[in-house]
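Enquirer: Just so you know, the sequence shown maps onto residues 148 to 383 in the numbering used here.
In short, the hints are calculated from the structure, not lab data. Please read these numbers as outputs of a predicted model, since none were measured by experiment. All C-beta atoms in this analysis are idealised placements derived from N, C-alpha and C, irrespective of residue type, glycine included. There may be inaccurate statements among the hints.
Lysine-lysine pairs mimicking DSBU-like chemistry, simulated, CA-CA at most 35 Å apart [to be verified]:
1) Lys328 with Lys372
2) Lys372 with Lys321
3) Lys351 with Lys210
4) Lys333 with Lys205
5) Lys372 with Lys223
Label pairs and their computed distance ranges (CB to CB) [stated by the list, open to error]:
6) Gly339 with His360: 35 to 45 Å
7) Tyr261 with Arg355: 36 to 46 Å
8) Pro378 with Val316: 41 to 51 Å
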Amino acid sequence: GISVKWFDLEALPKRIGFGLNRFPFHKQSNSLNLKYGIHLNSFYFYPYIRLPAWGNKKWWRNKIKDKDIDLFKKNKKSDYFVSLSNYPTLRGNNIYHLFRKINDPNFEYLQECYTNEIGIYDGSLHAAISLAIYMGFEDIVLVGCDYTHENSRMGHWYEKGEGIILPYVDYEKKFFNIVSKYANIKTITLDGGSSVLPSITYSKYTGRPLCYHENHEITDIETLKLLATWPDYKIF
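Required output: the full structure, derived from the provided sequences and hints.
Expert: Here it is as C-alpha cells:
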C-alpha cells in the first residue's frame, strides 16, 4: 500500500516477515527479515499475461516477471509462495505452489473460513495471514495494508503521488473477525485508526516521525521503467 511511502522501514522490528507481491522491490526491504514472499497472480510467470481487469482482455508482454524470478534465485534464505498455475514456468528449491486450500482437517481456522465462504488464497493478504496462522504465529502486524485504515488510500507505493483517499470502513470485516480468533493482529496506520482491526500509528509504534518519499527515492529507476510497462500503473 501507498502508506509505506511515509515509513522508514529500518525502524521496524526485525520480526519474521511476509513480503507481498512487489514489496521486495523496495530499497529498504533488505533491512527486514523477509523469510517469506507471496505472489499469487495466476499465470503470472509466463512471457505474456492476460489482464481481463481492464475490460479488453488483452494479452500483455510481462516484462516484470524476470526481475521477480531474479530475486527468488538470489534470496535463497527466503521461501516464495506462488499460484500452482505457474508450475510449468517457475520451479525451484525455495518455490512453493498453492492451490485452493490447505489439506488439514484439523485446521480449525481453515474450516471456519470455508464455512463462511472465504478463500484463504483469495489474494496475497489472505494467503499471508492464513499461512502465518497455519505456521503457528500468534502475533501479526500489518504494514502498508491501507484498506484496513479508516482513511484508506488507493495506490501502490511504487506509483507516483500520495494516492487517493477512499471511504472504505469495513474492508474484509468478516475475514478479520475470524482471523482475530486465532492471532493477535493489528495494523499500522499513518495517522488514524481502523474500523476492522486494532491499530497503532507508525509514529507510536516506532517512535519515528512520518517522512514522505516519492517512488524514485525508494526503488531504482530501472525497476520503475519496468513497472511503467504494466497497464494502469502511474509511475512517472
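Enquirer: The structure should be examined with respect to each hint, and the outcome stated for every one.
Expert: For each hint, the structure was consulted:
1. Straight-line distance between C-alpha atoms of Lys328 and Lys372 comes to about 43 Å, which puts the hinted pair past the 35 Å bound.
2. Among the hinted pairs, Lys372 with Lys321 is inconsistent with the structure: their alpha-carbon atoms are about 38 Å apart, more than 35 Å.
3. A C-alpha spacing of about 39 Å is found between Lys351 and Lys210, which places the hinted pair above 35 Å, so the restraint is violated.
4. Taken as a hint, the Lys333 and Lys205 pair is broken in the structure, with Cα atoms around 38 Å apart against an allowance of 35 Å.
5. About 26 Å separates the Cα atoms of Lys372 and Lys223, which keeps this hinted pair within 35 Å; it holds.
6. With their beta carbons about 20 Å apart, Gly339 and His360 fall outside the hinted range of 35 to 45 Å.
7. At about 40 Å, the CB distance of Tyr261 to Arg355 agrees with the hint of 36 to 46 Å.
8. The hinted range of 41 to 51 Å is not satisfied by Pro378 and Val316, whose Cβ atoms lie roughly 29 Å apart.
Going down the numbered hints, you'll see the structure goes against 1, 2, 3, 4, 6, 8, while the others check out.
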